[in-house]
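Please construct the entire structure, taking both the sequences and the accompanying hints into account.
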Amino acid sequence: MGEKIHIKDKDIVVPGALLAEGLEYLPSGRAFRDGENIYAATIGLISVKGRVIKVIPLAGKYSPKRGDVIIAKINGFGKFGWNLEIDSPYKIDLNVGEISMNYVDLKNSKLADYFKIGDYVFGEITDISESGYISLSAKRRPYRKLLGGNIIKVGPTKIPRIIGKQGSMIKTLKDLSGCEILIGQNGLAWIKGDAEKEAKVAKAIKLIEKESHLSGLTEKVKAMLEEKN
Amino acid sequence: MAMLKPYMTELLAKGKREDGRKPFDYRDIKIETGIIARANGSARVLIGKTEVLVGVKLDVGVPFPDSPESGVLMVNAELLPLASPSFEFGPPSKDSIELSRVIDRGIRECHAIDLDKLCIKPKEKVWMVFIDIYPINDDGNLLDAGALGAIAALKTTLLPKYDEDEEKVLHKELTKTKLPVQKIPVLTTFGKLSGNLFVDATMREEKEVDARLSIATIEDGTASAMQKGGSGPLTAEEVIELTEKAVELGKKLRKLIPSK
Amino acid sequence: MGSKVGAPEKLIVNGKRLDGRKANEMREMEIEVGVIPNADGSAIVTLGGTKVICSVYGPKEVLPRRNLDTEQAFLNCVYGMASFSTSERVRPGPNRRSTEISKVIADALAPAIFMERYAGMEITVIMEIINANAGTRTAAINAASVALADAGIEMRDLVCSIASGKADGTLMLDLFEPEDNFGEVDMPIAILPRTKEITLLQMDGILTKAESKKLIDMSIKACEEIYEIQKKALQKKYATETQQETE
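Residue numbers (our numbering), protein chains in the order written: chain A, 1 to 229; chain B, 1 to 260; chain C, 1 to 247.
Accuracy of the hints is not assured; some may be wrong.
[To be verified] With a straight-line cut-off of 25 Å between C-alpha atoms, the simulated PhoX-like cross-links for lysine-lysine are:
| # | chain 1 | residue 1 | chain 2 | residue 2 |
| --- | --- | --- | --- | --- |
| 1 | C | Lys236 | A | Lys54 |
| 2 | C | Lys4 | B | Lys168 |
| 3 | A | Lys10 | C | Lys236 |
| 4 | C | Lys237 | A | Lys220 |
| 5 | B | Lys22 | A | Lys145 |
| 6 | A | Lys153 | C | Lys236 |
| 7 | A | Lys10 | C | Lys237 |
| 8 | A | Lys174 | B | Lys16 |
| 9 | A | Lys206 | C | Lys16 |
| 10 | C | Lys237 | B | Lys172 |
| 11 | C | Lys237 | A | Lys54 |
| 12 | A | Lys203 | C | Lys237 |
| 13 | B | Lys16 | A | Lys203 |
| 14 | B | Lys255 | A | Lys158 |
| 15 | A | Lys206 | B | Lys22 |
| 16 | C | Lys60 | A | Lys116 |
| 17 | C | Lys214 | A | Lys153 |
| 18 | A | Lys222 | B | Lys168 |
| 19 | B | Lys207 | A | Lys203 |
| 20 | C | Lys16 | A | Lys8 |
| 21 | A | Lys54 | C | Lys232 |
| 22 | B | Lys49 | C | Lys236 |
| 23 | B | Lys5 | A | Lys197 |
| 24 | A | Lys145 | B | Lys49 |
[Stated by the list, open to error] Derived list of chain C stretches under chain A, where covered just means 3 residues or more per stretch with a C-beta under 8 Å from a C-beta of chain A:
| # | region |
| --- | --- |
| 25 | 52-66 |
| 26 | 109-123 |
| 27 | 156-166 |
| 28 | 227-234 |
The hints are simulated quantities; they were obtained by calculation from the structure and are not laboratory data.
Yeah, the Cβ is synthetic: ideal placement off N, Cα and C, and Gly gets one too.
Encoded structure:
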């Protein structure tokens, strides 16, 4: 059988693109095998490592995994907690026992004392049930209710760029603006500080999202944050 | 996102907006006309990321009994779920009806179109002018974008041929006769957020505003329609202040409308 | 032909069609991806005088819940025509024609999507004809396929679509309005370009077996061209975003 590779590292492929022929190669990420061939399942960036052909998706909604850190919006009340929304088809629950290390006594308080509809919470996904229900925990620091500040949407596939290598980009943003910044893997960023700085950081994040390939990006971000008015 | 209110209030209190604008600045506006081949007149308006398409179609119909020698004006807005995840399929929403009615009044009340010139046969046959507004992307202020698109499209509208013997419209044959447009109304929509006034709200700002005021003005500085929206109140002084602003901003908007 | 009011005397003059094309020639097609910032995926397709805009939202929660399918995605396709897109104004909103077209478009797109990976979820595809000059459903499918890819939906392949038919006794590709109105046969087709499997097929008129075969072959060939245009349009949007990216 002929073994043949049709793409190279960093190529951009569309769904259905033929990546390789032959059983020698292994599909990874958003690549799939059909018969002896490997194809791309989404618009994506190719990464070839030895025999492994990976398609890194360049678009698409967030799909939750256990251990992910997210920012979610309170969307409704349940019996023992809240229903959350993250602009995805998944249902997320925040149980009242997951908001504090201390015991929350619902006999002497009500759910709305802790979270109202429209509030945001920063937390970690602890479980995904077979039926697609997701549990969030926000009891350990730094997880918590987010008060005030600015919230912006970012493409979930762009989150790694905003965080940067070992968190370098996010650190630059924090250091230069003096703002608190939290990034949810579901594609939300929360910025808290002086309102003008909050607006500037939001602009800088949008720039990183759009132009992560630019070489002088860090300099550009710096200039943006230090600019007067 | 009611959470953004303190943030936006803090900015406005300093005379700023999150996108770098001052309170009474519009976003970048772009107007193109003649973009839909099948329409008798058409326009595409971009205000920042908000995009609206407007098409004008003419037909012949029976006049209203109380104005037997006047043409008929109809304004309709289709808020298709194409343009925003918050629009829904189904019958016209309250928002889409309000949108079309506010734009309709701005045009109708100042007699922007000389409807009396659109009579073919009194009591029986008059031209009917249909203005259809289609948002393509809603990033706030569909009102001003739709109104700009409507008047820009009307200005370029040509009448189709009317076959008098057969008594029917030849939709595929356009004449060189322009629709009689005699006034240029433009709409300016303001927001009020924690007591601060500003113009041209983005979607993020629209979600936080307490009150909204739309004012249609014409060339001579008079207003031809107003509409207050939102659950918060406005003071009489604020209304007067915004009426002045509307005239001032209206002059600038009018200059952006292509002459053909 | 000839019996209908307003019909041109001939649809083929000196071996050429009324717009100067040869029988197997497609009108110029342009595709732009990512035109609606609010949408998860979007595209505009222009095919001669036909223009369609499409947005994709999803995967998202199924609403209303009665549309829920626990085995696969609920693919909600809605085709519509803007009131100013035709020579005579059309009333906005769905009608029998648009409802049927929405259905066949959903069936044309579904085989390309990994539907089972979106069990219990909805993918909404909205296609609005801005200007109509025949071939609107096929243009809509081309737009939808690219918009789905732009939304990052997992797919086995894109979907390519074109109409062919017969006018003045001649078999031809990509009918435009006079041919569509006064010709004898109209046959829109959609295929999966990788396997050449047919996912949409409609026909009205009278065709022999040999003619059917010729039209299908002609359409498949055109779909291969369309696939290249779709691919380039998608790569154009994403290439600028990922240039020199250091992973």
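Taking the hints in turn, this is what the structure says about them:
Taken as a hint, the Lys236 of chain C and Lys54 of chain A pair is honoured in the structure, with Cα atoms around 21 Å apart against an allowance of 25 Å. For the hint linking Lys4 of chain C to Lys168 of chain B, the alpha-carbon distance of about 17 Å falls within 25 Å, and the restraint holds. Taking the CA atoms of Lys10 of chain A and Lys236 of chain C, the gap is near 14 Å; set against the 25 Å cutoff, the hint holds. Between Lys237 of chain C and Lys220 of chain A, the direct Cα distance comes to roughly 23 Å. Compliance with the 25 Å bound is thereby established for this hinted pair.
Annotation: proposed proximity of Lys22 of chain B to Lys145 of chain A is violated, straight-line Cα distance about 32 Å (limit 25 Å). A C-alpha spacing of about 24 Å is found between Lys153 of chain A and Lys236 of chain C, which places the hinted pair at or below 25 Å, so the restraint holds. Under the criterion of a C-alpha separation no larger than 25 Å, the hint pairing Lys10 of chain A with Lys237 of chain C is consistent with the structure, at around 15 Å. With a CA separation close to 22 Å, the supplied pair Lys174 of chain A and Lys16 of chain B stays within the 25 Å bound.
Between Lys206 of chain A and Lys16 of chain C, the direct Cα distance comes to roughly 52 Å. Violation of the 25 Å bound is thereby established for this hinted pair. Between Lys237 of chain C and Lys172 of chain B, the direct Cα distance comes to roughly 37 Å. Violation of the 25 Å bound is thereby established for this hinted pair. Proposed proximity of Lys237 of chain C and Lys54 of chain A is supported: the alpha carbons are some 21 Å apart, at most 25 Å. With a CA separation close to 21 Å, the supplied pair Lys203 of chain A and Lys237 of chain C stays within the 25 Å bound.
Between the alpha carbons of Lys16 of chain B and Lys203 of chain A the distance comes to roughly 14 Å, so the proposed pair stays at or under 25 Å and holds. A distance of roughly 40 Å separates the Cα atoms of Lys255 of chain B and Lys158 of chain A; the hinted pair therefore is violated under the 25 Å criterion. In summary, the hint linking Lys206 of chain A to Lys22 of chain B is supported, as the alpha carbons are separated by about 20 Å, within the 25 Å threshold. The hinted pair formed by Lys60 of chain C and Lys116 of chain A meets the criterion: a straight-line CA distance of about 23 Å does not exceed 25 Å.
Distance restraint check for Lys214 of chain C and Lys153 of chain A: the Cα-Cα separation of roughly 50 Å exceeds the 25 Å cut-off, and the hinted pair is therefore not satisfied. Note on Lys222 of chain A and Lys168 of chain B: the hinted pairing is violated, with a Cα-Cα distance of about 67 Å set against a maximum of 25 Å. Between Lys207 of chain B and Lys203 of chain A, the direct Cα distance comes to roughly 20 Å. Compliance with the 25 Å bound is thereby established for this hinted pair. Between Lys16 of chain C and Lys8 of chain A the CA atoms are separated by roughly 44 Å; this puts the pair beyond 25 Å, and the hint is violated.
The hinted pair formed by Lys54 of chain A and Lys232 of chain C meets the criterion: a straight-line CA distance of about 21 Å does not exceed 25 Å. Pair hint Lys49 of chain B plus Lys236 of chain C holds up; C-alpha atoms about 21 Å apart against a cutoff of 25 Å. At roughly 16 Å between alpha-carbon atoms, Lys5 of chain B and Lys197 of chain A fall within 25 Å of each other, so this suggested pair holds. Taking the CA atoms of Lys145 of chain A and Lys49 of chain B, the gap is about 31 Å. The hint is violated against a cut of 25 Å.
Counting residues of the region 52-66 of chain C whose beta carbon lies closer than 8 Å to any beta carbon of chain A gives 5, which reaches the threshold of three, so the coverage claim holds. Under a criterion of three residues with beta carbons nearer than 8 Å to beta carbons of chain A, the stated coverage of the region 109-123 of chain C is upheld, 6 such residues being counted. Counting residues of the region 156-166 of chain C whose beta-carbon sits less than 8 Å from any beta-carbon of chain A gives 3, enough to reach three: the coverage restraint holds. Closer than 8 Å: that is the beta-carbon criterion, and the region 227-234 of chain C has 3 residues meeting it against chain A, so the requirement of 3 holds.
Violated hints, in rising order: 5, 9, 10, 14, 17, 18, 20, 24; the structure is consistent with all others.
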